[in-house]
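Heads up: the sequence lines are chains A and L, in that order.
Take any residue in the first sequence, count from 1 to its spot, add 713: that is its number in this note's numbering.
Take any residue in the second sequence, count from 1 to its spot, add 713: that is its number in this note's numbering.
Please note that the accuracy of each hint is not assured.
Identical chains share a label here; the pair holds if one copy fits it or two copies do between them.
As the list claims (entries may be wrong) - Under the rule of at most 30 Å between Cα atoms (straight-line distance), these lysine-lysine pairs were calculated in the DSSO-like manner: (1) LYS777 - LYS802; (2) LYS819 - LYS777; (3) LYS850 - LYS995; (4) LYS895 - LYS819; (5) LYS1001 - LYS716; (6) LYS816 - LYS915; (7) LYS956 - LYS969; (8) LYS956 - LYS850.
Derived from the structure by calculation, the hints contain no laboratory data.
There are 2 protein chains.
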Amino acid sequence: MNKILVTGGAGFIGSKVAANLIEEGYEVHTIDNLSTGQENNLPNGIKFYKGDCSDEKLTNKLLKKNQFDSVLHIAGQSSGEISFEDPEKDLRDNVLSTLNLLKFAKENGCHKFIYASTMSVYGNVKNKIINEFDETKPLSMYAVGKLASENYLRIYHSLGIQTVSLRLFNVYGPGQNMQNLKQGMISIYLSQAINDNRIEVKGSPDRFRDFVYIDDVVDIFNFFNNQYKFDNYENLNVCTGIKTKVSHLLKTINSKIKSEVPISYIDGTPGDQFGIYGDNSKLLHLMKDFSFTTLDKGLDSFIKSLNI
Amino acid sequence: MNKILVTGGAGFIGSKVAANLIEEGYEVHTIDNLSTGQENNLPNGIKFYKGDCSDEKLTNKLLKKNQFDSVLHIAGQSSGEISFEDPEKDLRDNVLSTLNLLKFAKENGCHKFIYASTMSVYGNVKNKIINEFDETKPLSMYAVGKLASENYLRIYHSLGIQTVSLRLFNVYGPGQNMQNLKQGMISIYLSQAINDNRIEVKGSPDRFRDFVYIDDVVDIFNFFNNQYKFDNYENLNVCTGIKTKVSHLLKTINSKIKSEVPISYIDGTPGDQFGIYGDNSKLLHLMKDFSFTTLDKGLDSFIKSLNI
């Protein structure tokens, strides 16, 4: 059975991607330190190693016993806000880990290395759709580290590993951590609506985002793992191309939950992007028949999964 | 007496910058781990702490006892070639150190933070003069780390420290380490010519560089420390704007040393830039009367200092 290492298998995105690959027939291994991931997220049948992706002893142990086809590096601290609290920890969790896994992949003879990057690398962008060749000006420690990781991947491509960075926009959907109020715009609002019967928004209602449904992200990782040929290193936007204002999102959420909740606004968080939405034509050029789930359908499924 | 922290005071550039600030009447402190720097480079009167800039215990000790006007962060592993041998060490030496010093500067209430960055952040560039707004595509682990450090400085500017990154091009001159054959194009060639009576060039003679004389770099650090107001975060090219081919450099060296030496060519090193020279108009807009030392004069002084 072909082996794949998916990091962050106890997290929101990692657990879904891993579950899908297990269904596809792969033997999936995962490293997760359970700092934000939860053990009960781990899909059935996964081989789980508790630890840090930056821990060379752990990866060396894995190295000796296994030959992996590919590494899907999804683990990591994923909040821009939290990255300001301890920038050095963020660097270790999000950059040292990537370097260690790249070295691991090279020594293990892995063919592919797929990295979960982020739209945050672009930083503050003008009111225009974002392309992969646009300037990167990260605004948070988190985004600096993600961009550095991308750059390491680009160099490792020239050293013989096939690497690609998927710049995920705002991913949402069932399985998102409803307890973490520092990460995930939709999950934060839904969680507040359910638990507090109100929504407190950090920042302006005019901010906008590009929301991607989790199942689409799973399909995209699957495509890159199974079908894509990595002739050159690429950064790819994973987004719908649709600009959704925070005010529109809130109105939609209020229309879908049982009873409407009041909304208040406070100051934004440092390093937050005002607005961003992305051009996905580079991605869709590769995945010709792919179509994204609409926000309407995605929100329905998400809310349904919460049993409220 | 006003205090300044200059990191890397036992290194080529750090020692010269520190000596100049001591002459200017500052009390200069330095952190250096002596990994590439040499203790006998330390200028008279400097307060020396042996250790890593990433060592929080060390910087906390300094923090309690001193109030610094500014931090000039010059220490660091400075070879692209070496950064491939241990990328994680490079990340610790060059990025974790910057983060630790930025935190230190903020807690210490420093007004200014001046960073010795590098032209390497641009990566492989087309045959055109390089501006600060050109794309950054680092080709070595070293360059990835330097770019990440710049990005951290930009964020810290928004957190209230006045930061600037000086993108140094090929700095050369008296005091350069003649034993280190992995760093410094001119010092490597001169060292080979003196010790081996031959020069072995890694890469093509058609590659080109922009050579900056050490005394100019000292003056530029001095200007930014004493006169510059940091309204916005800036990346600034520190270069002459003159494109010098490796073949021209070798011919000039051969014409200046006692007897001409034979030159041979072997393969280049990974991550080496083919050619780069920079636009310095942003820098000269700030330092209006500044003029750079010519390569001819700079080489004369360098060779004279070697007593050959």
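Quick rundown of the hints versus the structure:
1. Taking the shortest alpha-carbon separations for LYS777 and LYS802, both the intra-copy value of 28 Å and the inter-copy value of 23 Å come in at or below 30 Å.
2. Taking the closest pair of Cα atoms, LYS819 and LYS777 come within 30 Å of each other only inside a single copy of the chain (13 Å); across copies the shortest separation is 44 Å, beyond that limit.
3. In this assembly of identical chains, the alpha carbons of LYS850 and LYS995 lie at most 30 Å apart whether taken from the same copy (21 Å) or from different copies (19 Å).
4. Taking identical chains as interchangeable, the C-alpha atoms of LYS895 and LYS819 lie at most 30 Å apart only when they sit on different chains, with a minimum of 24 Å there against 35 Å within one chain.
5. Taking the shortest alpha-carbon separations for LYS1001 and LYS716, only the intra-copy value of 27 Å comes in at or below 30 Å, while the best inter-copy value is 62 Å.
6. Proximity of LYS816 and LYS915 under a CA criterion of 30 Å is satisfied inter-copy only: 26 Å between copies versus 39 Å inside one chain copy.
7. Taking the shortest Cα distances, LYS956 and LYS969 sit within 30 Å of each other inside one copy (20 Å), while across copies they are farther apart (63 Å).
8. Proximity of LYS956 to LYS850 under the C-alpha cut-off of 30 Å is found in both arrangements, the shortest distances being 20 Å within a copy and 29 Å between copies.
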